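Chemist: Just so you know, the sequence shown maps onto residues 1 to 475 in the numbering used here.
Derived from the structure by calculation, the hints contain no laboratory data.
Values in this document were obtained by computation on a predicted structure and should not be read as measured data.
Treat the hints with care, since some could be wrong.
To be verified - Below 25 Å or equal to it, Euclidean Cα-Cα: the simulated SDA-like pairs (lysine to any residue) are:
hint, residue 1, residue 2
1, Lys326, Ile340
2, Lys7, Gln68
3, Lys326, Ala380
4, Lys7, Glu285
5, Lys7, Thr103
6, Lys94, Ala191
7, Lys203, Ala329
8, Lys203, Ala58
9, Lys326, Ala382
10, Lys7, Lys94
11, Lys7, Asp237
12, Lys326, Leu87
13, Lys94, Ala380
14, Lys94, Gly233
15, Lys94, Ile80
16, Lys94, Thr38
17, Lys326, Ile65
18, Lys284, Leu87
19, Lys203, Glu57
20, Lys326, Leu189
21, Lys94, Pro324
22, Lys94, Glu285
23, Lys326, Ala388
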Amino acid sequence: MPNTDHKPPLLARSLANRASTRNRKPIFYGWAMLAATTLTTMATSPGQSFVVGSFSEAIRADLRISLQEFAAAYMIATFIASLPLTLVGRLSDKLGTRTVMGTVALLLGLACMIIGLLAFAVQRLKLQDNLDHYAALAALTVSFFLLRFLGQGALGLVSSHTLAMWFERKLGLAESIRHLGMPLALAVLPAAIVLSIEAIGWKTTYALLGLLVWIIVLPLVALVHVNRPEDLGQHVDNDAFEHTHDTHEEINIELDAPSVGDAGDMHETKERATDSALYQFTLKEAMRTPAYWIVTASMVLSAAVGTAFVFHTQPMMSDLGLPPEKTAAAVVATLGVITIITSIPFGYLVDRFRPRYLLAVSGFLLAGACVLYAAAASTAHAALMAHASYFILALAQGLLFLLASPIFARYYGRTHHGAIRGSLTTFMVIGTSAGPFVFAAARAITGDFNAIYIASAVIAVILAIWATRLSRPTM
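Modelling step: build the complete structure from the supplied sequences, incorporating the hints.
Modeler: As structure tokens, this is what we get:
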């Protein structure tokens, strides 16, 4: 695997040297990388939908744009931001995750400052009314592109790719811990952002988020981040021998472990797993396998529907006759808390059960969340049904997003994992860009969100059935 950034930071080298001089087995440095990537996952927040949504009222009032225009700018920017992500994955493979993560974090901090500067510049131009309006929309779209590409896209991608360099058998557990960073941010940041906007304005608040990204990520890159365990003389999963996804049978047996009723097929499963693991897939080869598209389709639908749930929370609660701001905050809190509680148990499941069954379960859960919300308006317990829909959504997305990186790393190997994972992130970001706009358009046509959620439930069930056909690709 080409990599131009081999030399680990001084802190990592000193810890390894200290253990060797004392004739002790060094502590597996992958756990330090897990802690670091959990923090960098939190640092993607300025580009995430729940943070952008927290600025919606203030930005729209300041730039005098409508909700539909705000959503359209977000959709266009997010779609364009998805296009370069495969390149980011390739650069991570070539240059190392440390170099790419440091660069992305530096640029993300700048993007958080640029959004306010562009808005200020547009307001100072004092153009004619129509030109002012279009200039504001253009500035907002450019700003959203930078935030979505660098935050939700690139930094999230590199954080996930980093873990795949350190873990194989335990990658599901590691991903579940890393993902705790996002619900923690979800529970804390929206309320803090609202208070900060009231005190110092939205432009300064976004700039402070950029400073926070630098404070969190740049020291980690400089002092802690190590690209691969081999750079410290260690091996994936802290094994005593080197393996690059091509000699270790246990991971494959665990991933496709037969159920009790399949015990007679254990030998066949072991042979199939070992043979397929010998091959390191390129992106083009991975995209020619059915497994790639089964996983990607499920991820894109979940990204689109989940983003719509978060982005449109206030109008969704208003449609149910509930106080929009108060109830929206409460149901989003439900989403965050359940995600935190279930993340590690789901990671345990990902490491021990066949992915096709877990992928199917996540699809049926997503369908259930959609149906629960659509049915809420026709019951006398709309608030309870709303909480239930976000509860089920947390289960569906928590399980599905923990599956993606382990499936691709275990099915296709580590050599081109950055490019393959980057392509998936590209498709997912396209889903997040389309979801809010499509759901808003459906509401404008039908008068509420019910029809589009029922349609989404039907698609989710179809994909869940397709997921039962998922199997390890072979070459």
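Chemist: Against each hint, give a clear statement of whether it holds in the structure.
Modeler: Tested hints:
1. Between the alpha carbons of lysine 326 and isoleucine 340 the distance comes to roughly 21 Å, so the proposed pair stays at or under 25 Å and holds.
2. In summary, the hint linking lysine 7 to glutamine 68 is not supported, as the alpha carbons are separated by about 49 Å, beyond the 25 Å threshold.
3. A hinted pair counts as satisfied when its Cα atoms are at most 25 Å apart, and lysine 326 with alanine 380 qualifies at roughly 19 Å.
4. The suggested pairing of lysine 7 with glutamate 285 is violated, with an alpha-carbon distance near 31 Å, which exceeds 25 Å.
5. Of the supplied pair hints, the one linking lysine 7 and threonine 103 holds, its CA atoms being roughly 17 Å apart against a limit of 25 Å.
6. At most 25 Å may separate the alpha-carbon atoms for a hinted pair to count; lysine 94 and alanine 191 exceed this at roughly 40 Å.
7. At most 25 Å may separate the alpha-carbon atoms for a hinted pair to count; lysine 203 and alanine 329 meet this at roughly 23 Å.
8. Pair hint lysine 203 plus alanine 58 holds up; C-alpha atoms about 9 Å apart against a cutoff of 25 Å.
9. Restraint check for lysine 326 and alanine 382: satisfied, since their Cα atoms lie roughly 14 Å apart, inside the 25 Å limit.
10. Proposed proximity of lysine 7 and lysine 94 is supported: the alpha carbons are some 15 Å apart, at most 25 Å.
11. With a CA separation close to 20 Å, the supplied pair lysine 7 and aspartate 237 stays within the 25 Å bound.
12. In summary, the hint linking lysine 326 to leucine 87 is not supported, as the alpha carbons are separated by about 41 Å, beyond the 25 Å threshold.
13. In summary, the hint linking lysine 94 to alanine 380 is not supported, as the alpha carbons are separated by about 57 Å, beyond the 25 Å threshold.
14. A C-alpha spacing of about 20 Å is found between lysine 94 and glycine 233, which places the hinted pair at or below 25 Å, so the restraint holds.
15. A threshold of 25 Å between alpha carbons decides the hint, and for lysine 94 with isoleucine 80 the separation of about 23 Å falls inside it, so the pair holds.
16. Distance restraint check for lysine 94 and threonine 38: the Cα-Cα separation of roughly 23 Å lies within the 25 Å cut-off, and the hinted pair is therefore satisfied.
17. Proximity of lysine 326 to isoleucine 65 is assessed by CA-CA distance (about 24 Å); at most 25 Å being required, the pair is judged to hold.
18. Among the hinted pairs, lysine 284 with leucine 87 is consistent with the structure: their alpha-carbon atoms are about 14 Å apart, no more than 25 Å.
19. Distance hint between lysine 203 and glutamate 57 is fulfilled; the C-alpha atoms sit about 13 Å from each other, no more than 25 Å.
20. Restraint check for lysine 326 and leucine 189: satisfied, since their Cα atoms lie roughly 16 Å apart, inside the 25 Å limit.
21. In summary, the hint linking lysine 94 to proline 324 is not supported, as the alpha carbons are separated by about 47 Å, beyond the 25 Å threshold.
22. At roughly 19 Å between alpha-carbon atoms, lysine 94 and glutamate 285 fall within 25 Å of each other, so this suggested pair holds.
23. Our distance criterion of 25 Å between C-alpha atoms is met by lysine 326 and alanine 388, whose separation comes to about 16 Å.
The earlier numbered hints that this structure contradicts are 2, 4, 6, 12, 13, 21.
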